[in-house]
Structure formats: structure tokens, C-alpha cells
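Visitor: First to last, the protein sequences are chains A and B.
Counting with our numbering, you get residues 19 to 300 for the letters of the first sequence.
Counting with our numbering, you get residues 56 to 354 for the letters of the second sequence.
The hints are simulated quantities; they were obtained by calculation from the structure and are not laboratory data.
Possibly wrong hints are sitting among the right ones.
As the list claims (entries may be wrong) - Cut-off 25 Å, straight-line C-alpha distance, at most; resulting in silico cross-link-like pairs (DMTMM-like, lysine to aspartate or glutamate):
id, chain 1, residue 1, chain 2, residue 2
1, A, 24, B, 248
2, B, 216, B, 108
3, A, 23, B, 108
4, A, 24, B, 256
5, A, 128, B, 66
6, A, 154, B, 108
7, A, 29, A, 243
8, A, 23, B, 277
9, A, 29, B, 251
10, A, 216, A, 194
11, A, 263, B, 210
12, A, 24, B, 277
13, A, 246, B, 248
14, A, 190, B, 66
15, A, 154, A, 243
16, A, 128, B, 98
17, B, 128, B, 319
18, A, 263, B, 191
19, A, 60, B, 98
20, A, 23, B, 319
21, A, 154, B, 319
22, A, 154, B, 98
23, A, 29, B, 248
24, A, 60, B, 191
Claimed, not checked - Which bits of chain A does chain B cover? Going by a derived footprint, with three or more residues having C-beta under 8 Å, they are:
id, segment
25, 54 to 63
26, 218 to 227
27, 278 to 292
Idealized CB from N, CA, C, for every residue including glycine.
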Amino acid sequence: MGEEKKITGRKNVILCILSVLVLCFLLFPLFWTLITSLKTEKEIFQNPPTFYPHVLNTQSYAAQVETGDFNMFRSFANSFLISIGSMLIAVVLAVPASYAIAKYRFRGRKIMLLFFLVTQMLPVSVLLTPMFIMFKGMHVYNTWWSAILADTTIGIPFSILILKNYFASIPKELEEAAYIDGCTRFGAFLRILVPVAKPGIIVCAVFSFLYAWGDLAYGMTFILDQQKRPITAGIFNFMGQYGTKWSYLSAFAIVTIIPVALIFIFMQKYIIAGMTNGAVKG
Amino acid sequence: MHAVKRFFRHENAGLLFALPACIYMLAFVGYPIISNLVLSLQDVTVANLSRGEKHFIGLANYVKLFHDSVFMKSLSNTLIFTISCLVCQFLIGFVLALFLNKNFSFARTVRGLLMIPWMIPMTVTALIFKLLFATDIGVVNYILRSLHLISQNIDWLTSSKTAMLVVIIANVWIGIPFNTILLSTGLTTIPQELYESASIDGASTWQSFWRITLPLLRSTIESVLVLGFIYTFKVYDLVYVMTSGGPVNSTHLLSTYSYKQSFELFNYSMGSAVANVLLLILLMVGIIYLRITMQGEED
């Protein structure tokens, strides 16, 4: 398929300027939050508003490091723990399952695939109440485990559906060669197929992490102690208590975005792959 | 023992690899779905949960729902919210995809950066839009005042007339990247030669769009709309953080109302019933998605 001819000259410049304007408009909300987090409370309430902080105020961040009044960094650590835990379980379970669905024609395969597709569509509302009752019974209620276990149910089906396509695209000969060399099924899977599917596995890890990082409903409902809650629930709590403390609130928002921004910078390629493969069958 | 071993030879060995994930999902999703269904047919509240009393009351919860004006309001709100978001994010996303698929220097970078709103936790997005649309210090009110479009600050989120609009705008902001990326991937699969030969035959850009782009993009558009519907219809965090369903229930969606019934009023069974209505509508549209995805999936 032929690439469209590269646009050059004046038309190129106009399109570039136009695209930057669109970008500025769409990302303005983020810019505004960032500068609000660096303003003093007085400047935030100033009219007309200032479009950059006239007095640079890093107090909203520093207060956290010094006193930790609002548990911003503790809840950051909680979120991190929950997201990593959820990511690990999702990847460990999804990788062999997606390999099986891609490479084997076992009994019940199609129903299994359908089940994973349906679970991917489920709203949290359907799972919240029964999970709440179940976790109370399992004695994981009000622990990190409740959020980890619940968040993983989003990561697993997504990962399986993505990885299935990666495994399916690996030629059969590669696996057969491993058998001839004396590998067992599990050995061939671990030593030959998993390394080849590595880009897909990274996509799954990134998305499982992001899903868990963004979750509010599970973390807020299953964990009651503020000391154990994820950062999203921390923000929600803080909003309820100090609804107009915008300098702290926006600092809170920026801290929550940091891991997302880092993932974006270093893993952009994988994010695009995940978004497109997850939705449109490859 | 021998029979078990024979069963797992060859193709059925796959089951062993798939079983752990399957058991996990059956335990933490399959079981809850069933128990949610059962729960909605009982009358479990915080009062009798600890005593373990569970009376079956049949469809009484559902009957009660359809006489509940807040539920009916949530149902229509959910539909209005979903359809408005879907239309706006699709149209804006499509225009952006067409624009960014032109081969100019910044196209790729800008397309990448556009994804950021989609990745941000919805709780944070909710906070950001509360800040932008705040009545006194909100920059939106300031800009509208400077342009002399309004003379007095609008109570965006505290007025039942405008709250839904703001919630929709916030959700469209999240949805645009998703639509742009998928549609723009779809656009790259259309062979460039088609446009070239069409223009040689004297077709205008407009004609090419209707005759080439749209028909060839049909399956992508289908997936984008169906997936968009599924994601939007079940949105919860965003609305819960922005308005908690208020003011005066004007932004209650089925998801937030279900949460309210279960975890604010502690009518667990009523919450389950609301969630099941949400699920039922979702599955009706979801069938289209299942059909698209399962196509060509042999046994």
C-alpha cells in the first residue's frame, strides 16, 4: 500500500500550526491543572485569573513530603502496590491462557473465548455488591488484596484477547522445532513462545497496570481505612473534605498523572498497539 | 488416572494452560454475576445481611424500580448521556483522524500526544473539569465573560440545567483520543491508489470521501461505535466524582444510582436490580460486538 506523498512547503507549515492549535486546545485542561497546582491559594481566587503562576508556590507538593498531612504519597504507594500486584496476576494467568486459545483446539475453547469477551464488557456496578459480600466472607475486605483481586478481573480478559492474536501470528514451525529438540509442551511455551510474544506481553502489563491505577470504585468500596486506600480514593476523599482547596487538589491530580505520563513517554508504541488491537480484530 | 492423562493429550492439553485464568474469572466474575442475579430477587439490606436472612421476593425489586421516578430519570439520563457522547466524540474523532492522517511533519507526534486524556484516571479527569467549570474561579466562566457571551457566572455543576452538559463534555474529552486512534488506524488500511485513480477520473475530495473512505471504513466505524457505546454506557467514576448524581438527580446514571442504592442507602438488592437492568441493555448492544469479534473463529 502506498504512503500518501509527504506534504511540503507552505501547506506543511499551515497544517503544522493548525495541529499545534488543536493540541493546545485539547490539552488545555491539563495545562490549567498544572499551573493551578503551582499557584498560591490567593492567586487562584484572583480575578481576572493569571495564565501562569506569578508567585511560584510549590507548597502544595512540599507539604506532602514534610508532613504528609493528606496522605498523598502514602496513597500513591498504595496505588502502586495494588497496580503492580494486579498487573502480575493478570500477566501470569493471561499469558498461558491466551497461548492455549491461540494454539490449541480443545473442547470448550469457543465458549471460553465468549466468556472472556463478555467479562470484558461488564460494568463495575454488576460486580461491586456481590464482590463486597464475597470479600467480607473471605476476610480480604479492607485489605489491599480486595482491590488487587477485583482490578485483575479487568486486566485478564483484556490481556487474553490481545495476546491471543500475538500467539496466533507465531508460525507453528517454531514450536515444532522445539519439540524435535526435546522440549516438553511447557518448556517450548516458556523458552520459545513467551520470548517471541514479549511485545504483546508488555502491552498487557501496561494496560493491566493502567486499569488498576485508574480504578476508583473497587478501591473506594472495598477498602475503608484511609491509610490503605489508593490515590484515586484519596483524591475523592479530599474533595469531599476540602472541596475548594484547589492548590492541593490540583497537586494531587498532577501526582496521580505522573506514572501515566511516564508510561506514555516510554511506552507510547505499546499503548497504541493495545488500543487498536484490543478493539479491532487483527 | 490413565483416562485423565489421555484426555489431556494433544489438543486438550490446551485446557491445562487456560484453566488457571478461567478458574480465576469464574470465581471473581462468573460467581458474582450469578449471585448478583440471585441478590436482585431477594430483599437483602444492611439490616438483615449480618443476620444472614435472605427472603426470596421474586421480581418485586424490579417492579418497584419501574415505579421509582429516580430510576426512570437515571435510565433516560444514561441514554441521553451515552448517545450525546457517542455522537460528539465520533464526529470530532473522525475529523481529527482525517486531519492527522495527512502526511505533514507534526502529524505523528500530535496524534501520539492526543492520547493522553484517554490514559488519565477518570477521577483525575473529573477533578480537572470541576476546576475548569467552577462557578467563581472557573476559567470557562472567565473566558465566556471576556468574550461577552455571558454577563454573570454560570453555576455549571450546581445547576440541574447545565450539570449534564459538563459531564458530557468531560466524557467526550476522554473519548476523542480513542475514536481518533482507531479511525486513523482504519484510514491507513485504505490503499492510497484508490484516491489517486479517483482523482484522475475527476472525483472531488468530497466524492472520494463518500464513495471510498466511508464504505471501506465501515467495519472500523462499526467497532468504534459499538465499543464506544459499551464504554460510555457503564461510565461510573467520572460522574460519581463530578456530581454524585446531583443536583436533584439530574446527572444520575444507572451506574451511579446502583451504587447509591447499595452503598449509600444499603439496599443491596435494589442496587443489584439496577445493575442488572444496566447489564441487560449493555448485553443487547454487546451482542453486535460479540458477533463482530467471534467472526471467523472456528471451533
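Visitor: Determine for every hint whether it applies to the structure shown.
Guide: So, going through the hints one by one against the coordinates:
1. Distance hint between residue 24(A) and residue 248(B) is fulfilled; the C-alpha atoms sit about 15 Å from each other, no more than 25 Å.
2. Proximity of residue 216(B) to residue 108(B) is assessed by CA-CA distance (about 43 Å); at most 25 Å being required, the pair is judged violated.
3. At roughly 71 Å between alpha-carbon atoms, residue 23(A) and residue 108(B) are farther apart than 25 Å, so this suggested pair is violated.
4. For the given pair, residue 24(A) sits about 22 Å from residue 256(B) by alpha-carbon distance, which is consistent with the 25 Å threshold.
5. Restraint check for residue 128(A) and residue 66(B): satisfied, since their Cα atoms lie roughly 14 Å apart, inside the 25 Å limit.
6. Between residue 154(A) and residue 108(B) the alpha-carbon distance is near 16 Å, which keeps this suggested pair within the 25 Å criterion.
7. Between residue 29(A) and residue 243(A) the alpha-carbon distance is near 58 Å, which puts this suggested pair outside the 25 Å criterion.
8. Taking the CA atoms of residue 23(A) and residue 277(B), the gap is near 29 Å; set against the 25 Å cutoff, the hint is violated.
9. In summary, the hint linking residue 29(A) to residue 251(B) is supported, as the alpha carbons are separated by about 19 Å, within the 25 Å threshold.
10. For the given pair, residue 216(A) sits about 19 Å from residue 194(A) by alpha-carbon distance, which is consistent with the 25 Å threshold.
11. Our distance criterion of 25 Å between C-alpha atoms is met by residue 263(A) and residue 210(B), whose separation comes to about 18 Å.
12. A hinted pair counts as satisfied when its Cα atoms are at most 25 Å apart, and residue 24(A) with residue 277(B) does not qualify at roughly 30 Å.
13. A C-alpha spacing of about 58 Å is found between residue 246(A) and residue 248(B), which places the hinted pair above 25 Å, so the restraint is violated.
14. Proximity of residue 190(A) to residue 66(B) is assessed by CA-CA distance (about 14 Å); at most 25 Å being required, the pair is judged to hold.
15. For a cut-off of 25 Å, the pair hint linking residue 154(A) to residue 243(A) stands: about 15 Å separates their Cα positions.
16. In summary, the hint linking residue 128(A) to residue 98(B) is not supported, as the alpha carbons are separated by about 36 Å, beyond the 25 Å threshold.
17. Proximity of residue 128(B) to residue 319(B) is assessed by CA-CA distance (about 18 Å); at most 25 Å being required, the pair is judged to hold.
18. Restraint check: the Cα-Cα separation between residue 263(A) and residue 191(B) comes to about 13 Å, which is no more than 25 Å; the hinted pair holds.
19. Among the hinted pairs, residue 60(A) with residue 98(B) is inconsistent with the structure: their alpha-carbon atoms are about 52 Å apart, more than 25 Å.
20. About 59 Å separates the Cα atoms of residue 23(A) and residue 319(B), which puts this hinted pair outside 25 Å; it is violated.
21. For the suggested pair residue 154(A) and residue 319(B), the alpha carbons sit about 17 Å apart, so the restraint of at most 25 Å is met.
22. Under the criterion of a C-alpha separation no larger than 25 Å, the hint pairing residue 154(A) with residue 98(B) is consistent with the structure, at around 19 Å.
23. For the hint linking residue 29(A) to residue 248(B), the alpha-carbon distance of about 22 Å falls within 25 Å, and the restraint holds.
24. Distance restraint check for residue 60(A) and residue 191(B): the Cα-Cα separation of roughly 13 Å lies within the 25 Å cut-off, and the hinted pair is therefore satisfied.
25. Using a Cβ-Cβ cut-off of 8 Å, 3 residues of the segment 54 to 63 of chain A lie near chain B, which meets the minimum of three, so the contact claim holds.
26. With a cut-off of 8 Å between beta carbons, the segment 218 to 227 of chain A has 0 residues touching chain B; three or more are needed, and the interface restraint is violated.
27. Requiring three or more residues with a Cβ within less than 8 Å of a Cβ of chain B, the coverage given for the segment 278 to 292 of chain A holds, as 7 such residues are present.
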